[in-house]
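Protein chains in written order, with my numbering: chain A, 1 to 251; chain B, 252 to 604; chain C, 605 to 920.
Treat the hints with care, since some could be wrong.
[Stated by the list, open to error] Pairwise CB distance ranges, derived in the manner of DEER restraints:
| hint | chain 1 | residue 1 | chain 2 | residue 2 | range |
| --- | --- | --- | --- | --- | --- |
| 1 | A | E92 | B | A342 | 36 to 42 Å |
| 2 | C | K802 | A | F13 | 18 to 24 Å |
| 3 | B | F581 | C | L691 | 33 to 39 Å |
| 4 | B | F581 | A | E92 | 15 to 21 Å |
| 5 | C | F736 | B | A419 | 21 to 27 Å |
| 6 | A | D216 | B | F381 | 31 to 37 Å |
| 7 | B | L382 | A | A153 | 54 to 60 Å |
In short, the hints are calculated from the structure, not lab data. Predicted, not measured: the structure shown is a model, and the values here were computed from it. C-beta atoms are modelled at their ideal positions from N, C-alpha and C, and glycine is treated no differently.
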Amino acid sequence: MAFLEVTNLCKQFGGLKAVSDVSFQVEKGVIKAVIGPNGAGKTTLFNLISCSLTPSSGKVRFDGYDLKGKKPHQVAALGLGRTFQNIEMFAEMTALENVMVGRHIQSRSGFFASMFKMPWTLPEERNIREKSMELLDLLGVLDCADVEAGSLAFGQQRAVEFARALAMEPKLLLLDEPAAGLNIYETAEVGRLIAKISDLGITVLLVEHDMSLVMDISDEIVVLSFGQTIAEGLPSEIRNDPEVIKIYLGE
Amino acid sequence: MMKKLLAPLILVAFLVGIQLLCRWTDTLYYLTQMTMAGYYSLLVIGLCLVMGYAGQISLGHAGFFAIGGYLSAALTTRNLLPFQKTFLVKALSSAGLLISGQDIYGEKLLVVTPWAACIAAVLIAATIAFLIGIPVLKLKGHYLAMATLGFGIIIYRVVLASSYFGGADGISAVPSFKLLPGLTVNGSTSDRVQNYYIAWTLVLFGMFLLRNLINSRVGRALRAIHGSEKAAESIGVDIARYKLYSFVLSAVFAAVAGVFLTHYNGSIGPSEASVMKSIRYVAIVAVGGMSHIWGALFMSVILNFLSLRGVFGSYDDAVFGVILILIMLFAPNGILRIGLGAKLKSFFQPKGE
Amino acid sequence: MFCCGWPAWSSHAGLSADFFMTFELFIQYLFAGITYGSIYAIVAIGFNIIYNTTGIINFAQGEFVMLGGMISISLLSFMPLPLAIVLAVGITMVVGALIEIVFIRWLDTPSVLRMIIITIGISILIREAALFIWGENVRSLPYFVGNEITTVGILGARVSPQVLWVIGSCCVMVLVLNIFFRSTSVGREMRACSANRKAAILCGINTRNMVTLSFVLSAGIGALAGCMMSPITYTQYDNGTGLAIKGFTVAILGGLGNSGGAVAAGLLLGIIEAFSVSVVPLAFQDAIAITILLLILFIRPHGLFGSKEAAGLREF
Numbered sequence: 001m002a003f004l005e006v007t008n009l010c011k012q013f014g015g016l017k018a019v020s021d022v023s024f025q026v027e028k029g030v031i032k033a034v035i036g037p038n039g040a041g042k043t044t045l046f047n048l049i050s051c052s053l054t055p056s057s058g059k060v061r062f063d064g065y066d067l068k069g070k071k072p073h074q075v076a077a078l079g080l081g082r083t084f085q086n087i088e089m090f091a092e093m094t095a096l097e098n099v100m101v102g103r104h105i106q107s108r109s110g111f112f113a114s115m116f117k118m119p120w121t122l123p124e125e126r127n128i129r130e131k132s133m134e135l136l137d138l139l140g141v142l143d144c145a146d147v148e149a150g151s152l153a154f155g156q157q158r159a160v161e162f163a164r165a166l167a168m169e170p171k172l173l174l175l176d177e178p179a180a181g182l183n184i185y186e187t188a189e190v191g192r193l194i195a196k197i198s199d200l201g202i203t204v205l206l207v208e209h210d211m212s213l214v215m216d217i218s219d220e221i222v223v224l225s226f227g228q229t230i231a232e233g234l235p236s237e238i239r240n241d242p243e244v245i246k247i248y249l250g251e
Numbered sequence: 252m253m254k255k256l257l258a259p260l261i262l263v264a265f266l267v268g269i270q271l272l273c274r275w276t277d278t279l280y281y282l283t284q285m286t287m288a289g290y291y292s293l294l295v296i297g298l299c300l301v302m303g304y305a306g307q308i309s310l311g312h313a314g315f316f317a318i319g320g321y322l323s324a325a326l327t328t329r330n331l332l333p334f335q336k337t338f339l340v341k342a343l344s345s346a347g348l349l350i351s352g353q354d355i356y357g358e359k360l361l362v363v364t365p366w367a368a369c370i371a372a373v374l375i376a377a378t379i380a381f382l383i384g385i386p387v388l389k390l391k392g393h394y395l396a397m398a399t400l401g402f403g404i405i406i407y408r409v410v411l412a413s414s415y416f417g418g419a420d421g422i423s424a425v426p427s428f429k430l431l432p433g434l435t436v437n438g439s440t441s442d443r444v445q446n447y448y449i450a451w452t453l454v455l456f457g458m459f460l461l462r463n464l465i466n467s468r469v470g471r472a473l474r475a476i477h478g479s480e481k482a483a484e485s486i487g488v489d490i491a492r493y494k495l496y497s498f499v500l501s502a503v504f505a506a507v508a509g510v511f512l513t514h515y516n517g518s519i520g521p522s523e524a525s526v527m528k529s530i531r532y533v534a535i536v537a538v539g540g541m542s543h544i545w546g547a548l549f550m551s552v553i554l555n556f557l558s559l560r561g562v563f564g565s566y567d568d569a570v571f572g573v574i575l576i577l578i579m580l581f582a583p584n585g586i587l588r589i590g591l592g593a594k595l596k597s598f599f600q601p602k603g604e
Numbered sequence: 605m606f607c608c609g610w611p612a613w614s615s616h617a618g619l620s621a622d623f624f625m626t627f628e629l630f631i632q633y634l635f636a637g638i639t640y641g642s643i644y645a646i647v648a649i650g651f652n653i654i655y656n657t658t659g660i661i662n663f664a665q666g667e668f669v670m671l672g673g674m675i676s677i678s679l680l681s682f683m684p685l686p687l688a689i690v691l692a693v694g695i696t697m698v699v700g701a702l703i704e705i706v707f708i709r710w711l712d713t714p715s716v717l718r719m720i721i722i723t724i725g726i727s728i729l730i731r732e733a734a735l736f737i738w739g740e741n742v743r744s745l746p747y748f749v750g751n752e753i754t755t756v757g758i759l760g761a762r763v764s765p766q767v768l769w770v771i772g773s774c775c776v777m778v779l780v781l782n783i784f785f786r787s788t789s790v791g792r793e794m795r796a797c798s799a800n801r802k803a804a805i806l807c808g809i810n811t812r813n814m815v816t817l818s819f820v821l822s823a824g825i826g827a828l829a830g831c832m833m834s835p836i837t838y839t840q841y842d843n844g845t846g847l848a849i850k851g852f853t854v855a856i857l858g859g860l861g862n863s864g865g866a867v868a869a870g871l872l873l874g875i876i877e878a879f880s881v882s883v884v885p886l887a888f889q890d891a892i893a894i895t896i897l898l899l900i901l902f903i904r905p906h907g908l909f910g911s912k913e914a915a916g917l918r919e920f
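Required output: the full structure, derived from the provided sequences and hints.
Next up, the structure:
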């Protein structure tokens with residue numbers, strides 16, 4: 001059984017079929033990319049997988065669990081993390097605090113324990129802080145640690161968002177257009193980062209428009225158009241698939 | 252370490268200073284308003300947690316204050332003697348929760364002890380907050396505002412219409428609250444100083460708890476919810492539960508404030524549950540800076556004190572209305588956050604340096 | 605609050621000891637319900653107009669109704685009734701425009717929370733200003749036809765002609781608004797504005813003026829309703845808040861932004877309230893509207909007639 005299984009997934013908004021009978025699988029440790037023209041339903045697909053949206057029909061299985069009826073935070077607790085197309089920073093918290101929130105499911109202190117500053121919360125706090133600093137360092141933004149996230153440069157915010165997602169120690173990471181708004185050098189950096197993440201054993205599913213990045217790092221590719229799967233396979237196959245070329249370039 | 256203690260130390264120094272100043276200038280009556288302002292501030296800092304950190308507007312918090320105050324008042328004044336044969340009363344009596352006494356007419360009286368009443372009132376307020384919170388906190392924006400407003404109005408209507416809660420006259424002759432041997436919450440002038448310190452110790456304790464909470468995993472999760480619910484969910488924060496818990500916590504703060512202030516004043520009236528009071532608390536939190544509990548506390552002391560001294564006259568409500576508008580138009584992040592320091596700096600620095 | 609304004613003639617009929625209600629009583633309750641219901645509907649439509657154009661809920665909506673009544677009563681000493689009403693409506697419309705221009709127009713990207721608090725503040729200010737100008741006295745316009753015991757026979761029951769004025773004027777307002785939004789170019793521009801603000805701007809529609817116009821319209825219909833109902837319900841400086849809450853309940857019940865739904869929901873609430881007089885103690889009257897509000901918000905926030913998708917709060 002694959003690590004992530006999407007089976008006959010459908011999502012309908014009124015008369016519009018945003019996602020229509022999509023099926024694919026992601027094996028553990030793989031880097032898989034979802035590509036397709038704008039409006040193909042890629043972000044909707046991600047929202048369905050992370051359970052921010054409920055499917056009209058179809059199934060999603062992750063790590064053996066059926067995700068039906070689960071809430072987004074429960075899916076996160078299972079080890080499925082994600083980033084967002086429009087970076088969703090906690091603007092009024094510092095970069096460090098942003099990453100520290102990422103440690104949420106890896107820590108325990110609740111309301112009572114925190115309020116009364118119970119002794120066992122102190123080592124946990126220290127631990128959270130250290131791990132977060134490490135991650136900021138790994139992504140090269142350690143010097144932004146105490147800067148308010150809302151005032152960081154775009155590239156830096158992306159890095160902090162990555163660090164935050166990594167902080168939850170995900171088993172699978174959904175990356176929604178990680179290279180959006182980045183220049184050539186930054187995009188290459190993202191590519192290296194994704195490779196590094198994969199080396200850590202994290203499975204990656206990404207949505208991306210930048211073809212060079214996709215062709216470069218993906219192990220497999222799924223192509224969507226108008227909510228339907230058009231093709232699936234290795235980058236070399238996809239590159240030469242006439243159907244894929246048609247939907248990108250037209251007749 | 253020292254930096255963390257700075258703000259509370261300043262507060263303590265300020266409080267002691269006020270008290271001594273009053274004693275030297277023989278104006279101890281100011282302490283009464285300071286005590287009351289203290290209790291109202293307890294509610295305000297709890298509301299600050301919900302509005303500023305969790306980002307949920309509540310236009311009905313006076314309702315929780317009223318629940319606490321009214322329940323403790325009713326339980327400690329309503330005579331249970333006519334019911335002394337019932338099972339419930341006998342059970343309470345054997346648990347030591349009842350106390351005999353005399354009312355102002357010399358009639359025999361059987362009522363609940365203040366401690367038991369306090370705990371019961373706060374627990375009931377927390378339960379109501381929990382039950383109301385579950386559906387209400389699913390709402391957002393205007394819907395949430397209206398729902399909390401509606402809740403506040405219902406509480407107001409209930410206490411206004413019910414004879415058990417004294418109707419339009421409220422409940423008076425509320426007995427004093429013996430906290431510990433030697434420490435009593437009451438309205439007598441000879442215990443003014445003691446009550447002043449009781450109130451402010453409670454506030455400081457509340458600040459201590461909240462400050463711990465804000466700087467913890469939970470506090471960060473709350474601020475994350477305020478920042479971006481989508482992202483908070485994606486890293487595993489159970490949004491519904493955290494909103495609910497912070498709401499209930501703030502209701503507890505409000506209820507405790509209600510209980511203590513009622514015993515201090517010796518009475519409570521329906522105006523404590525009114526919409527205008529709820530709006531006033533929201534105004535104070537907004538002025539002090541939504542996510543700035545020290546700011547909220549500071550503003551609460553000033554504004555409540557002035558209001559209680561009658562400085563605003565019959566335009567009390569209008570003043571808070573104006574404050575609300577001005578703050579929301581010009582300084583939505585609160586007065587202390589408009590970067591006055593930075594603006595002044597750039598004003599005085601010569602250009603081109 | 606509002607309960608003391610129930611038409612005098614509705615209590616004349618008295619309540620019989622048994623639960624059975626005579627047809628006459630039924631008709632009287634029905635008319636009372638429709639009367640109040642139409643007013644709630646007008647307030648709700650006022651909410652909807654502003655909400656549709658701007659995404660804001662104007663908490664001060666009820667104050668427009670109060671102002672209409674109050675101003676016309678004051679003007680009555682100087683001019684005949686019809687003129688006083690027309691002028692009062694006009695002045696309230698100007699107040700509505702002023703509110704928009706002074707407080708709302710120049711805000712950049714206000715958050716929902718900020719807007720809620722600002723309109724609450726505005727509502728308080730207007731109320732306090734009314735208190736300052738007119739004091740706490742309860743006043744009213746005189747009955748347009750006859751006086752408070754004049755009645756007209758309808759379906760066997762005796763009903764005050766003022767009721768017909770209220771219902772009639774509300775119907776006229778709804779019709780006129782309908783024609784305005786459907787057939788006039790300005791009305792169509794406002795609808796474009798509400799459907800898609802950015803596209804409207806691109807089409808050259810002056811959206812800022814549309815926003816002001818929406819406030820002016822809401823103020824106008826609120827004020828007119830206030831004048832019409834003043835003889836029956838009396839006017840007092842704090843009438844506004846209670847009305848705003850009921851109007852909001854009706855707006856939500858009918859589906860926020862849906863004015864057809866508002867009419868239906870208004871009538872429904874009015875009638876429920878009217879008939880509840882026989883079962884619920886007077887003091888809890890207002891609690892009915894709030895309970896309905898809470899129930900709707902919890903169970904079906906998009907209202908009886910709204911759609912789930914449309915219930916997402918709009919951008920300003």
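### Query
Any hints this thing doesn't respect? Which numbers, in order?
1, 6 and 7
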